[in-house]
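*Asks:* What follows is the residue order along each chain.
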Amino acid sequence: MARRLAPEVNAGSMADIAFLLLIFFLVTTTIETDYGISRKLPPPPEEIQKDTFIKEKNLFRVEVNQQNELFVEKSPMELKDLKEAAKAFLDNGGGVKEEKCFYCKGVANPKSSDNPQKAVISLINSRETSYEMYIAVQNELVKAYTELRDREGLRLHGEPYSKMKKNLKDVNHSGDKTLLKKRITEIQQMYPEKLSEAEPLKSNNL
Amino acid sequence: MSKFKNKQSKDMPVISTASLPDIVFMLLFFFMVATVMRKDTLMVDNKLPYADQVEKLENKKAILYIYAGKPSSRYKNIGNEARIQLNDKFAEIKDIKPFVFEERKLKGDKLAPNLITSLKIDKKTNMGVVGDIKKELREVQALKINYTTRIGDVNRNLQ
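Chains as they are written, first to last, in the numbering used here: chain H, 1 to 206; chain E, 1001 to 1159.
Excised from the complex, chain H in its bound form (with noise of 0.2 Å):
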């Protein structure tokens, strides 16, 4: 025995190491949530011009009452059904002329919207509304207005914008971003989001 070997390095405790920072960051571990609906605020009241003259037909009255209840042009209706609303009023293409839609597809309703750049959905909902009720409306709308521009992504480009958002945002997606870009824009200028909120209704309003 004149040569002695090494010894060997103990690694038992290395899992009861290992054991304590697993549960240290098991126990910090919260994964996060940070998915939401992005909405733009209007400017403060005193910036928006007074004189915008919204026709009546071209407004899309959505109004949440204290009780939660979903009302559209002032008769009830339930949330399952406030998509294609919406969407059927969008979507409607009612104008003559130079307001003529070409791409709607709707039943171009004279009593309805004229063109979807001049439509506009009215969101007002009371002090009482829950928070979830307004979110699930809003989540409605939303819904509306991505399908409709799904459907002119497909037909102008042979794919949904909400792929195309998708991919604008994805690092390996290897097409030409500048393209993508413009015809997101492009897209959205079609049906543009217009959702205008009033300062919510005192209760003792309605």
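No wet-lab data here; the hints were simulated from the structure. Some hints could be false.
To be verified - Computed Cβ-Cβ distance ranges for the label pairs, DEER-style:
| hint | chain 1 | residue 1 | chain 2 | residue 2 | range |
| --- | --- | --- | --- | --- | --- |
| 1 | H | Lys97 | E | Ser1072 | 55 to 65 Å |
| 2 | E | Asp1052 | H | Gln188 | 32 to 42 Å |
| 3 | H | Phe71 | E | Met1026 | 53 to 63 Å |
| 4 | H | Ile54 | E | Met1026 | 37 to 47 Å |
| 5 | H | Ser162 | E | Arg1074 | 36 to 46 Å |
| 6 | E | Ser1072 | H | Glu56 | 23 to 33 Å |
| 7 | H | Asn167 | E | Ser1019 | 21 to 31 Å |
| 8 | H | Asp170 | E | Lys1047 | 25 to 35 Å |
| 9 | H | Ser162 | E | Lys1135 | 26 to 36 Å |
Unchecked claim - Think about it this way: if two alpha-carbon atoms lie no more than 30 Å apart in a straight line, the pair counts; the simulated DSSO-like pairs of lysine-lysine are:
| hint | chain 1 | residue 1 | chain 2 | residue 2 |
| --- | --- | --- | --- | --- |
| 10 | E | Lys1061 | H | Lys177 |
| 11 | E | Lys1144 | H | Lys177 |
| 12 | H | Lys163 | H | Lys143 |
| 13 | E | Lys1061 | H | Lys80 |
Model, not experiment: these values are computed from the prediction. Heads up, the beta-carbon is just placed ideally off N, CA and C, and yes, glycines get one too.
Given the structure of chain H, go ahead and fit chain E onto it with the hints provided.
*Replies:* Just chain E, lined up with the frame of chain H:
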């Protein structure tokens, strides 16, 4: 006799635990990567509503968080009304403006124009509070907001 015993124990080798640390380290790395340290200690109930038309907030550095909801069970002495939480404190509506200015200063000139306000609001909150928050944000020109939600079908909100 002892010879006999020795031979038997040789037939039953000890299970090596040398790979145990490897497995644990693998899990450890997973959690280390997935962990986002919570910045604020929540003092309000914060069950977010469900939505499915969501966008991901990309730049974590350019987000302001505003929480609102009923005080959580530890802070029941404050009352049952929905409250706003900014950073680690309960706040009033009037504190929002200074909070936004403060955050803008902290984030620096480069990030300040792109700041997004993430509204983390409990689903049982009344819209009155939310409307007040939005009004304050409008007045300080913090117009980009995000209603932070969980991903899911909206009908789960109404159950």
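*Asks:* Next step is simple, just say for each hint if it's right about the structure.
*Replies:* Hint by hint, here is what the structure shows:
About 60 Å separates the C-beta atoms of Lys97/H and Ser1072/E, a value consistent with the hinted range of 55 to 65 Å. In this structure, Asp1052/E and Gln188/H break the distance hint of 32 to 42 Å, their C-beta atoms being roughly 20 Å apart. Checked against the given bound of 53 to 63 Å, the beta carbons of Phe71/H and Met1026/E, roughly 55 Å apart, stay inside it. Our hint of 37 to 47 Å for Ile54/H and Met1026/E is violated, since their Cβ atoms are close to 60 Å apart.
A hinted range of 36 to 46 Å holds for the C-beta pair Ser162/H and Arg1074/E, which are about 41 Å apart. Separated by about 46 Å at the C-beta atoms, Ser1072/E and Glu56/H break the suggested range of 23 to 33 Å. Checked against the given bound of 21 to 31 Å, the beta carbons of Asn167/H and Ser1019/E, roughly 42 Å apart, lie outside it. Taken as a hint, the range 25 to 35 Å holds for the pair Asp170/H and Lys1047/E, whose Cβ atoms sit roughly 31 Å apart.
The hint said 26 to 36 Å for the Cβ distance between Ser162/H and Lys1135/E, and at roughly 31 Å that hint holds. A distance of roughly 24 Å separates the Cα atoms of Lys1061/E and Lys177/H; the hinted pair therefore holds under the 30 Å criterion. Restraint check for Lys1144/E and Lys177/H: the C-alpha separation of about 24 Å stays at or below 30 Å, so the hint holds. In summary, the hint linking Lys163/H to Lys143/H is supported, as the alpha carbons are separated by about 14 Å, within the 30 Å threshold.
Simply put, Lys1061/E and Lys80/H have alpha-carbon atoms about 37 Å apart, too far for the 30 Å limit, and the pair is violated.
Hint compliance for this structure: hints 2, 4, 6, 7 and 13 are broken, all remaining hints hold.
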